[in-house]
Each structure stands twice: as structure tokens, then as C-alpha cells.
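Since the structure of chain A is already known, use the hints to place chains B and C on it.
Chains as they are written, first to last, in the working numbering: chain A, 1 to 142; chain B, 1 to 142; chain C, 1 to 142.
It is possible that some hints are incorrect.
Dumping the calculated DSSO-like pairs for lysine-lysine here, alpha-carbon to alpha-carbon at most 27 Å [as the list claims (entries may be wrong)]:
no. : chain 1 : residue 1 : chain 2 : residue 2
1   : A       : 3         : B       : 3
2   : C       : 3         : A       : 3
3   : B       : 3         : C       : 3
What the hints contain is simulated information worked out from the structure, not anything from laboratory work.
Since the model is a prediction, treat every value here as computed from it, not as a measurement.
What follows is each chain in one-letter form.
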Amino acid sequence: MWKQTEIRLEPRPRGFHLVTREVVAGLPQLGEIAVGLVHLLIRHTSASLALNENASPDVRRDFESWFSRAVPEDAGYWTHTLEGSDDMPAHIKAALLGPTLTLPVRDGELGLGTWQGIYLCEHRDSGGPRSLVATLMGEVGG
Amino acid sequence: MWKQTEIRLEPRPRGFHLVTREVVAGLPQLGEIAVGLVHLLIRHTSASLALNENASPDVRRDFESWFSRAVPEDAGYWTHTLEGSDDMPAHIKAALLGPTLTLPVRDGELGLGTWQGIYLCEHRDSGGPRSLVATLMGEVGG
Amino acid sequence: MWKQTEIRLEPRPRGFHLVTREVVAGLPQLGEIAVGLVHLLIRHTSASLALNENASPDVRRDFESWFSRAVPEDAGYWTHTLEGSDDMPAHIKAALLGPTLTLPVRDGELGLGTWQGIYLCEHRDSGGPRSLVATLMGEVGG
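If we strip away everything but chain A, and leave its shape as in the complex, we get (with noise of 0.2 Å):
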């Protein structure tokens, strides 16, 4: 079974936010699968996907905190500035953690440890809603 359906997030501000739910909202036919992955696409160049813990929002502060010292806004050596100074920073933080997540699928649900969650990444001061591709793949359960 192959299925192929669009994922629509809603805006948030820059940080890295919990989306586990939503993208499972978006897979219906998640449960039909008995073995497969989900692959997930996020068709942006300023915002990313990643898979961490899903518990401490402590933990989401600190990944805006850290991320926001490892590649400046105030570099000198920046030459892309003309689509704001949070522009450049988020094409590389956005290549650090990547556009794509491929998770296992088990019994009709995501195959993660207990305390992995899939975390929309949002590098802009001002994102706008975010659009993902959901790739279902995988054999139908009996």
C-alpha cells in the first residue's frame, strides 16, 4: 500500500514545537498498515523536522537557545540579507536537522522509543503555516 496526502501546520512561532499528534491526525490510513515506514517532507527551506523528547518543554527552550547561539543572526560574514536577518540562519539551521523524518509503523502506529516526539522545527521570526508530505508505504494488516 502506498499513500501519498498533504499535512498542513499551522503557524507558530520560532521555536521547536511538539507536532506528533498532528501529523498522526494527518495519516488516517496509518492504521491500516501492519509493517511500513511514514516518510515525512516538510516543502520549506527555513523550518525543519526532528525527533527528540517529547516530555520537557524545557528541552524545546533550550534547542531555540542553543540554536540561536551556534549560527548568529549578527555574522558579518552573511551576504544573503535581504529577506530579514533570521533568514540565512534558518537555511542552515534548517539543513542541520533536516527537511525529512522516515519513522517506522507497527500494528497500525508509529514505531518511536517512549520518549520520542516529532518536533516542527520553525527557524523564522514569522513562519507562516508550514506544508508537509506524508508518504505512507508498508503491508496491510490482516
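This is chains B and C only, laid out in the frame that chain A set:
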């Protein structure tokens, strides 16, 4: 053909460890696949998977040197500190390197480059055993 | 349908290079897939693949600026130095960006966002030609 299995990796000290042989040993059906993919997910948020140089131990030591400096334990901006000073940096490193690897399979073997090997990247001082979900898919050979 | 092929990328100078057109040209069966995925692996440990902004050359130049500073060649802690001062930093950069890309296919085309293009990230001064393994899978269109 779809096959999903769990692979348990023994506890290892903090650092970067070559685990290609262990992973392949945990995939007995790999030999049946003519053309396909294997997907690996590490079910933890403070360890990660990477694909890099499989020959020189000093490369793996230099990985640890760089990551320890790039994500410092004593930074004043961490707020998630209750699980130890190595915990929050471990989450960041795990997200930078990523929790998954998808690798090509050809004629029953991983289709890697000559110098490529699978790294378990252990970012905690005492991370304990680590668990992978391996999903094998593809066409069975004739 | 499963199809695996090799794509050879011409030697390029150190930096970030847009190769979407070259990759698509190396996938003649892409047009037959109604819904599916394409998986790319670069079979090297000092070059990587990324998906980012496909319009402005200054974005790709700024990528090189940031990565050269984030992973410095003259750091005193490198021990793997026998292959040149650009070698060990190249391994780190390659792991940060990653050796693989998995992309959705829809109606015979890559399902990317408007501004997304495939980057060959060449981290060596003289990396030579680079080889990709491309695996195409999915449902053939009707």
C-alpha cells in the same frame, strides 16, 4: 517483502562506535533482498546514528572532540539540567546527527561506499543499552 | 516497482552545489512512478547531500562560510590529520548534513517545495567525482 525487527546494542561509553557488523548480524533476511532499503531508527533521544569513515579510530575520537566543544556542557543558558550536565547537550547532538539511517540494499548486502560504516553515537556518559527498530523492504532475489 | 542505479557527479570545487537537474536526469524511470519515493546515498564520507534554497547563489556561498567557521581546519584537537587539514573537518560536516536524502515522488516528478533543490555539499578542496546510489520505489502510474 517487509520485515521489521529489533536490534539491541550493548552499552558503550560516550563516543562514536562502529556497529556495522552488529547491525548486519541483526538482519538475517538481508541476504534475501535483491534490491531494497533498510531503515534504522534508534529509539532514544540522547544517542544517534551516523554513517562515516570506517577505518581510523582517530576519526571517531575527533568526532567526540568536536561535538563536545560545539555543544558545551557548562553553558549558562541550559535550563533542562535535572538529568545531569551531559543530558541536554546529548539531545542537541542527537538531533544534529539524527535518529535514523536509510541505506540501500543490493544483492543481499548493504550498498555502502568502501569507507562507510554505521556509527552508534553515544552522547551520554552512561547511556546503557540502545535499541534500534530495523525495517527491511524490497524485492526478493531470484 | 524497485529500481536501483548509480549516478556519477562531476568533480566540483569545495562548496555547495545545486544538482537537482543532474540527479533527475540520472533517474529515467522517475516518470513511471505515480506515488513513491526516491532514496539517494552519497557513497563518500567527506561530501554530503542536503535540500535547501534553489534560487540564490549567495545562500550556497553563505553555507560554505558558516560551515568553514563552525568546523575549523586549524583546531588543535584534531588527531586525524594525515590526509590534509580539510579532511577531518569534511568528515564532521558530512555527518552534520548527512549522506542520504529520501524524497517523495508524485505523478512522475519529485514532490519538492517550490524553493527546494538538491545540494551536493563538497567538503574537500579536491574531492573528485562523487558517486550516488539512487533507489526508486513506488506504484507505477496507470
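For which of the previously enumerated hints does the structure constitute a violation, in increasing order of number? none
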